[in-house]
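Single-letter residue listing:
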Amino acid sequence: MNEKSQSRLDAALGLALALGMILALYMAFIGAPREKTMGDLQRIFYFHVPAGITGMTAFAINFVASLMFIIKRNRRWDHLALSAAEIGVMFLTIVLITGPIWAKPAWFVWWTWSPRLTLSLVLWLLYIAYLLIRNYIEDPGRKALVSAVFGIVAFADTPLVWFSIRWWRDIHPTMLDTGGLSPSMRPAFLICWAVFQILLVYLLRRRFYLESMRGDLEQIERQVDATR
Amino acid sequence: MSKVWAVFRKDLLVELRTKDTLNSMLFFGIVVLVIFNFALESLRESIRPAVPGILWVAFAFSGTLGLNRMFASEKENGCLQGLLMVPVDRGVIYFGKMLAATVFMLVSEIIIFVFTLVFFNLTVSVEIPYLILVFFIGTLGFTAVGTLLSAIAVNTKMREVLLPLILFPVILPVLVNAVEATNIILNTVDYRALKLPLTIMSVFTIVFGTVSYLLFEHVLED
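As they're listed, the protein sequences go chains P and H.
At position 214 of the first sequence (counting the first as 1) the number is 213 in numbering that gives the first Met the number 0, and the numbers step up by one without a gap.
At position 46 of the second sequence (counting the first as 1) the number is 45 in numbering that gives the first Met the number 0, and the numbers step up by one without a gap.
These aren't lab readings, by the way, just hints derived from the structure by calculation.
Errors might be hidden in some of the hints.
Selected chain H positions facing chain P (Cβ under 10 Å, derived; list incomplete) [stated by the list, open to error]:
id	residue
1	152
2	155
3	157
4	158
5	169
6	170
7	175
8	195
Sample of chain P residues at the chain H side, in silico, Cβ under 7 Å [stated by the list, open to error]:
id	residue
9	121
10	124
11	135
12	136
13	144
14	148
15	155
16	162
Where chain P lies over chain H, by a calculated footprint (3+ residues, C-beta under 8 Å) [claimed, not checked]:
id	region
17	160 to 166
18	198 to 211
Model, not experiment: these values are computed from the prediction.
Virtual Cβ for every residue (Gly too), placed ideally from N, Cα, C.
Using the sequences provided together with the hints, build the complete structure.
This is the structure in structure tokens:
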């Protein structure tokens, strides 16, 4: 695709996002029914859960991009990996902020070391570590390679963390084994989920574009330095 | 295999002549125990349930100190280049280094454990072989990924500061299961329950041993 159609796609995505967000807000706050026991409190669910799913998706993208970088050595893969990690940390931050806000009135505690909460926190720490490593290596080639290695390590660690802590007492609901969400809440959830996914794609594209430009600029600067 | 042994022997020899790493690991481990004694003063009469946690925090902290030195001394003396020029697979260097780190950690763990027995007035007898098994498998997991991350950290601007920041989130499964296993041995005494934590730690070691072996060359590349 050429640059023009790329920016046209971004504009279309941005527009879809703006409209989708209004619709999602409407569905979450007005369209969806009030929950029986928790009341309006439950509406935070429409942001908490999609943000979690989107964060995990971003980390999976980081893993694939890291792996591809090791194999192909094309720095575009590194740009994608970095973009995905940053955005994943952002979505996980939303999860970790909305979680305690919801937990305090619902469970009467800000935090409990239940498996799901612990896993989210550990993932957040792992990918902040990934970003830290990138901060402290100057040579762009080494930075890309070393962080790709850590991206693979972090992703491989995730199931092991889960299997180590899943025996801990869990009060966090799982949508899968309780038969899922009430059908009347499903449309609002699906819309919110879809909007978050579009947001992920949009942010990834923009961040990737920015990082590619920065990478190109860095390379040109080095070439200029070399000819001097 | 003999090449792995050569790298291992080199590190062991350097350590036996200087004793830098082991001394600092041991001393730091003992300092951590003393700190815990003050931090948990209110529990002093019934400290036993907290001992597995205290032990593994001391092991992890002193182990991080040791891992930091695995590549640092070579980096400082310009020997890393020489090591990299040796015509062997980079994975061989990884296994040699990992083996050396494991031995250093196990030695300091056993001495730290003896200090724990004294400081916290514990008596153990039949538990000792089980404890050594748990220490061994836990340490293998720790060094399997620790050696790789140590090689990453030593080549950054932050060096020693970075390693614990990137190591502890990754090492969490080992820490959780090692504390759990030690707790089973010291407190609940249901040895059949040991199977699960030992299995997870072994899987961790195998996964990260393989990942590190495959990726180690990229980390050291200059």
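Are residue 158 of chain H and chain P close enough, Cβ to Cβ, to be under 10 Å, as the hint says?
holds, 9 Å
Is the hint on residue 175 of chain H kept, meaning its closest Cβ partner in chain P is under 10 Å away?
holds, 4 Å
Interface hint for residue 148 of chain P, Cβ within 7 Å of any Cβ on chain H
holds, 5 Å
Report holds or violated for the interface hint on residue 124 of chain P, using the least CB-CB distance to chain H and a cut-off of 7 Å.
With a closest approach of 4 Å, the residue 124 of chain P hint holds.
Hint check, residue 170 of chain H versus chain P [nearest Cβ-Cβ separation less than 10 Å]
Constraint on residue 170 of chain H satisfied, holds at 9 Å.
Is the interface hint for residue 157 of chain H satisfied, with its Cβ closer than 10 Å to some Cβ of chain P?
holds, 5 Å
Per the CB criterion, is residue 169 of chain H less than 10 Å away from chain P?
It holds, given that the least Cβ distance between residue 169 of chain H and chain P is near 5 Å, below 10 Å.
Using Cβ atoms only, decide whether residue 135 of chain P comes closer than 7 Å to chain H, and label the hint accordingly.
The hint holds - residue 135 of chain P has a Cβ within 7 Å of chain H, the shortest such distance being about 4 Å.
Do the numbers back the hint for residue 136 of chain P, that is, is its least Cβ distance to chain H under 7 Å?
It holds, given that the least Cβ distance between residue 136 of chain P and chain H is near 5 Å, below 7 Å.
Grab the minimum C-beta distance from residue 155 of chain P to chain H and call the hint holds if it beats 7 Å, violated otherwise.
At about 6 Å, which falls below the 7 Å cut-off, the nearest Cβ of chain H leaves the hint on residue 155 of chain P intact, so it holds.
Do at least three Cβ atoms from the region 160 to 166 of chain H come closer than 8 Å to Cβ atoms of chain P?
holds (count 3)
Just to be careful: measuring from the Cβ of residue 162 of chain P to every Cβ in chain H, is the smallest value less than 7 Å?
Holds: closest Cβ of chain H sits about 6 Å from residue 162 of chain P, inside 7 Å.
In this structure, none of the earlier numbered hints is contradicted; all agree with it.
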